[in-house]
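Chains as they are written, first to last, in this note's numbering: chain A, 663 to 782; chain B, 55 to 156; chain C, 31 to 221; chain D, 33 to 435.
A hint or two may mislead.
Calculated cross-link-like contacts (lysine-lysine; reagent style DSBU-like; alpha-carbon spacing at most 35 Å) [to be verified]:
{"hint": "1", "chain 1": "A", "residue 1": "K695", "chain 2": "D", "residue 2": "K108"}
{"hint": "2", "chain 1": "D", "residue 1": "K104", "chain 2": "A", "residue 2": "K775"}
{"hint": "3", "chain 1": "D", "residue 1": "K363", "chain 2": "D", "residue 2": "K345"}
{"hint": "4", "chain 1": "D", "residue 1": "K345", "chain 2": "A", "residue 2": "K749"}
{"hint": "5", "chain 1": "D", "residue 1": "K108", "chain 2": "A", "residue 2": "K749"}
{"hint": "6", "chain 1": "D", "residue 1": "K76", "chain 2": "D", "residue 2": "K104"}
{"hint": "7", "chain 1": "A", "residue 1": "K690", "chain 2": "D", "residue 2": "K363"}
{"hint": "8", "chain 1": "D", "residue 1": "K104", "chain 2": "A", "residue 2": "K695"}
{"hint": "9", "chain 1": "A", "residue 1": "K690", "chain 2": "D", "residue 2": "K76"}
{"hint": "10", "chain 1": "D", "residue 1": "K108", "chain 2": "A", "residue 2": "K690"}
{"hint": "11", "chain 1": "C", "residue 1": "K159", "chain 2": "A", "residue 2": "K695"}
{"hint": "12", "chain 1": "A", "residue 1": "K695", "chain 2": "D", "residue 2": "K76"}
{"hint": "13", "chain 1": "D", "residue 1": "K76", "chain 2": "D", "residue 2": "K108"}
What follows is a list of derived Cβ distance ranges for each label pair [to be verified]:
{"hint": "14", "chain 1": "A", "residue 1": "I669", "chain 2": "B", "residue 2": "V124", "range": "28 to 38 Å"}
{"hint": "15", "chain 1": "C", "residue 1": "L144", "chain 2": "D", "residue 2": "E303", "range": "53 to 63 Å"}
{"hint": "16", "chain 1": "D", "residue 1": "Q338", "chain 2": "C", "residue 2": "V198", "range": "35 to 45 Å"}
{"hint": "17", "chain 1": "C", "residue 1": "P179", "chain 2": "D", "residue 2": "E303", "range": "35 to 45 Å"}
{"hint": "18", "chain 1": "C", "residue 1": "D167", "chain 2": "D", "residue 2": "Q338", "range": "37 to 47 Å"}
{"hint": "19", "chain 1": "C", "residue 1": "G199", "chain 2": "D", "residue 2": "R407", "range": "29 to 39 Å"}
{"hint": "20", "chain 1": "A", "residue 1": "F756", "chain 2": "C", "residue 2": "L143", "range": "48 to 58 Å"}
Simulated from the structure, these hints should not be mistaken for laboratory data. What you are looking at is a predicted structure, and each value in this text was computed from that prediction instead of being measured. C-beta: ideal position from N, C-alpha, C; glycine also.
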Amino acid sequence: MTVNEWIFVGLFLALAWLLPATPIILAKFLAPKRPNPIKQQVYECGVETMGNTWVQFRAQYYIYALVFLLFDVEIVFLFPWALAYNKLGLFALFEVVVFVVLLVVALLYTWRKRALEWSS
Amino acid sequence: MVPLWMYLLVAAGLFSIGMYGVLARRNAIAILMSIELMLNAANINLVAFWRYNQPAHVSGQVFAAFVFVVAAAEVAVGLALIINIYRQRRSVVADDVDLLKW
Amino acid sequence: MELTVESLVFLLFSLITLGGALMVVTTRNLFHAALFLMLSLFGVAGLFALLTAPFLAGIQVVVYIGAIAILIIFAIMLTPQVTAVPPTNSQWIAGVVVAVVLFALLATIVTPLLSELGVEGWGAVFTEKNPPPVPADSIARLGEAFVDPQAYMLPFEVASVLLMAALVGAVMLVRPARGAEDEAPQTGAQE
Amino acid sequence: MTDLLIDIGLSRGLAVLIAKTLGVFALATVGLLWTFFCIWAERKVAARFQDRLGPNRAGPFGLVQTVADAIKIILKEDIMHQGVDRWVFNLAPILSVMSVLLIWVVIPFTPTLIGVDLSIGVLYLFAVGSLGSIAILMAGWSSNNKFALLGAFRAVAQLISYEVPMALAMLVPVVLAGSMSTQDIVRSQHVMYLIAAPLTVLIFIIASMAELGRAPFDILEAESELVAGYQTEYSGFKFGLFYVGEFLHAFTVGLLIAVLFLGGWRGPFAEDVPALGFVYLLLKSFVGYFVVMWIRMTLPRVRVDQILDLGWKFLVPLSLVNLIVVAFLWKILPGTDSITSVGDALVPSLVLLAANILMIAGVGVLLREEGRRERARIMARRAAQPVSEPGSVADTAPAGAGD
Numbered sequence: 663m664t665v666n667e668w669i670f671v672g673l674f675l676a677l678a679w680l681l682p683a684t685p686i687i688l689a690k691f692l693a694p695k696r697p698n699p700i701k702q703q704v705y706e707c708g709v710e711t712m713g714n715t716w717v718q719f720r721a722q723y724y725i726y727a728l729v730f731l732l733f734d735v736e737i738v739f740l741f742p743w744a745l746a747y748n749k750l751g752l753f754a755l756f757e758v759v760v761f762v763v764l765l766v767v768a769l770l771y772t773w774r775k776r777a778l779e780w781s782s
Numbered sequence: 055m056v057p058l059w060m061y062l063l064v065a066a067g068l069f070s071i072g073m074y075g076v077l078a079r080r081n082a083i084a085i086l087m088s089i090e091l092m093l094n095a096a097n098i099n100l101v102a103f104w105r106y107n108q109p110a111h112v113s114g115q116v117f118a119a120f121v122f123v124v125a126a127a128e129v130a131v132g133l134a135l136i137i138n139i140y141r142q143r144r145s146v147v148a149d150d151v152d153l154l155k156w
Numbered sequence: 031m032e033l034t035v036e037s038l039v040f041l042l043f044s045l046i047t048l049g050g051a052l053m054v055v056t057t058r059n060l061f062h063a064a065l066f067l068m069l070s071l072f073g074v075a076g077l078f079a080l081l082t083a084p085f086l087a088g089i090q091v092v093v094y095i096g097a098i099a100i101l102i103i104f105a106i107m108l109t110p111q112v113t114a115v116p117p118t119n120s121q122w123i124a125g126v127v128v129a130v131v132l133f134a135l136l137a138t139i140v141t142p143l144l145s146e147l148g149v150e151g152w153g154a155v156f157t158e159k160n161p162p163p164v165p166a167d168s169i170a171r172l173g174e175a176f177v178d179p180q181a182y183m184l185p186f187e188v189a190s191v192l193l194m195a196a197l198v199g200a201v202m203l204v205r206p207a208r209g210a211e212d213e214a215p216q217t218g219a220q221e
Numbered sequence: 033m034t035d036l037l038i039d040i041g042l043s044r045g046l047a048v049l050i051a052k053t054l055g056v057f058a059l060a061t062v063g064l065l066w067t068f069f070c071i072w073a074e075r076k077v078a079a080r081f082q083d084r085l086g087p088n089r090a091g092p093f094g095l096v097q098t099v100a101d102a103i104k105i106i107l108k109e110d111i112m113h114q115g116v117d118r119w120v121f122n123l124a125p126i127l128s129v130m131s132v133l134l135i136w137v138v139i140p141f142t143p144t145l146i147g148v149d150l151s152i153g154v155l156y157l158f159a160v161g162s163l164g165s166i167a168i169l170m171a172g173w174s175s176n177n178k179f180a181l182l183g184a185f186r187a188v189a190q191l192i193s194y195e196v197p198m199a200l201a202m203l204v205p206v207v208l209a210g211s212m213s214t215q216d217i218v219r220s221q222h223v224m225y226l227i228a229a230p231l232t233v234l235i236f237i238i239a240s241m242a243e244l245g246r247a248p249f250d251i252l253e254a255e256s257e258l259v260a261g262y263q264t265e266y267s268g269f270k271f272g273l274f275y276v277g278e279f280l281h282a283f284t285v286g287l288l289i290a291v292l293f294l295g296g297w298r299g300p301f302a303e304d305v306p307a308l309g310f311v312y313l314l315l316k317s318f319v320g321y322f323v324v325m326w327i328r329m330t331l332p333r334v335r336v337d338q339i340l341d342l343g344w345k346f347l348v349p350l351s352l353v354n355l356i357v358v359a360f361l362w363k364i365l366p367g368t369d370s371i372t373s374v375g376d377a378l379v380p381s382l383v384l385l386a387a388n389i390l391m392i393a394g395v396g397v398l399l400r401e402e403g404r405r406e407r408a409r410i411m412a413r414r415a416a417q418p419v420s421e422p423g424s425v426a427d428t429a430p431a432g433a434g435d
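Using the sequences and the accompanying hints, generate a full structural model.
Okay, structure coming up:
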């Protein structure tokens, strides 16, 4: 485990985006550009758009993101456990079961409270 | 490697920026983001000290990992509070929420 | 500081981190602030990778960029005042002063500047440059430590309890009140 | 490569840097060009599924069709309508392609050819996978369009819901191999993990389909509801990049299935002739890719609430149970911590296979019961109120035909 293994990833991040960016830049020179006010309107099935785009969203989205965040953190903790699994005893598995069950209880709570319904 | 104090300096800068954000931003969500910056500054310090002083021990990494848990819980509940307040008062400006102030 | 590849990379990631952070606290547009927050936290992930903590770098991206940032953006959309309010409040000058003073204090404590100038007894000197290498099985050891009753078993389980409490509490707060649907949108369509 | 550069008189550091830079460009270029072939292959397969011929004019078997399409799309006007957030708008398609290309960094093509064998390989896959949702949010937000924004939000809700079962499925190979490095996972598959963990593979495929945002999970761009979702305002090559990203992702799912569950480059003589390993990997990933296409061509679109329910109320609990059962059996079976040959791995794999079949049967029974209850509920509702629900026609419309 060294820092060096990241050199390739770093270089990839630094350079590889140039490839998808090239056609965009190329298109800037090649593609025609004849803007007019009607063409530049926001697309809304031919109707002129009304009001602000940033309409208020339902809280449902937030609840899904919330459950996701907490499960995400849990999974991240499972990774080192899975890595060391062969060296650990059955007791370690039991601990992880407790760890997982606690969060599943929270999921069940959310479920029972009907917060995980799309149309509440 | 670069000397340890450079990492600490970056963390100090990040913490100060976060501090400014907490003090000066009006929007409660922006304040929460600034708090995230401060938590990250603390995390940089934890990891840097672990790396430079006791890389053979796991404690530093373990603590940093628990900071992630706390950060996640804090953001989840904090944003939920903000959303709830927004519902009741139609505002996310932290100064408007002064019911408990005297 | 001699110019090695490592120090250059360090400099780059520090600039990303601090620059992104500065934009977070100064940008007017909250959505942009959230994007800059991601950039800044990505810089921190880079610093972790540079500190030979690849696992933490991975978590940083998964948890912060993949989850927390999305949660923040969702919350921004739920409270649509993206650019409506001025970004700073009346005490922003005081905020600048506090932040600058704090930074100056911390900087004098952590950098060897003062001890080089001859001031003794102020701050510690953190000039270690060549720490011992990180053991190759560091992540596996982390996994063992999490479930070892002698080490971090209790915090590990408590972390799960904390997550559970956070989830239940946050769902309780956000869940739309039954029946009384007070979410009449003032801007029209509601998805 | 590095040695060659040192021989012609470069310093070691510079030589490594140049070699790696070339590697980066080679990998990214091959990845992107490969997409051309994937698009052609998918169109051909889709055509066969729908009893058509597919592209057959440009070049032999229509192979050059995609190139022609690319040239056409690059010459299209790139419309920047009013109110877009320029920077974010332009960055989103690039990020969308990058989030897929970055996966290729840790794919072991042969025993020796791999971008970099990260020690946290699988966690890296998980981390990179989450970048895609950021790209979608950026695209939807910067478009200043209600359809785009709603589409982006639905898409992200779907993506994040399926990231959890996907990560839990990826944990199973980590448990079995005792390593997060993709190369180690391939090396330790003396018997493919498909045998040991078929349920995991199923979960992985379903979750990946949802991550792809393809039929039956294509509410991201449900034409009948949201125009084109978050891509609504994109035109010209920026739209093309989203398109490329989607097809590249579809093939990458095949690659991941091959690497994590089908033994990657493993096969007869692959250790001795690395090129052979590459061929095996390609064949295996086309198997995975074909399954993905097959599902896409066959199943109709699922409603948004059904998608989220399927994710949270079915796949997440199932994948947690699956992970724990596999881990438990792996622990109590003797000799699983020192597997070095096919013989060592065979017995535990078969036991796990039996357990998996039991689990799948159990899940099947549960699903049947649930299906019956659901049907009874619908019948009861129908009886109470004979008018058919509005909107149900659009919701169950089959997915768009071939592209």
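Legend entry - Restraint check for A:K690 with D:K76, where alpha carbons must lie at most 35 Å apart: holds (32 Å)
Inset, instruction - Compare the distance between the alpha carbons of D:K108 and A:K749 with 35 Å, and conclude whether the hinted pair is satisfied. - result: Given that 35 Å is the threshold and the Cα spacing comes to 59 Å, the pair is violated.
Legend entry - Assessment of proposed distance window 28 to 38 Å (beta carbons of A:I669, B:V124): Holds - the Cβ-Cβ distance for A:I669 and B:V124, about 32 Å, lies within 28 to 38 Å.
Legend entry - 35 Å limit on alpha-carbon distance, applied to hinted pair D:K76 and D:K104: holds (20 Å)
Inset, instruction - Would you check the hint for D:K363 and D:K345, treating anything up to 35 Å between C-alpha atoms as holding? - result: Measuring from Cα to Cα gives roughly 28 Å; hence the hint holds.
Legend entry - Distance restraint hint 35 to 45 Å, applied to the beta-carbon atoms of C:P179 and D:E303: holds (42 Å)
Legend entry - Range agreement (Cβ of D:E303 with Cβ of C:L144, hint 53 to 63 Å): holds (60 Å)
Legend entry - Agreement of C:K159 and A:K695 with the hint, judged by alpha carbon distance not exceeding 35 Å: Violated. C:K159 to A:K695 sits at ~56 Å, over the 35 Å cutoff.
Inset, instruction - For the range 37 to 47 Å, tell me whether the beta carbons of C:D167 and D:Q338 fit it or not. - result: At 44 Å between Cβs, range holds.
Inset, instruction - Quickly compare the C-alpha distance for D:K345 and A:K749 to 35 Å and report which way the hint goes. - result: Given pair D:K345, A:K749 holds - Cα atoms ~33 Å apart, limit 35 Å.
Inset, instruction - Starting from the hint 48 to 58 Å, judge whether the C-beta atoms of A:F756 and C:L143 obey it. - result: holds (53 Å)
Inset, instruction - Below or equal to 35 Å on CA atoms is what counts here, so check D:K108 against A:K690. - result: holds (10 Å)
Violated hints, listed in ascending order, are 2, 5, 7, 11, 16; each of the other numbered hints is respected by the structure.
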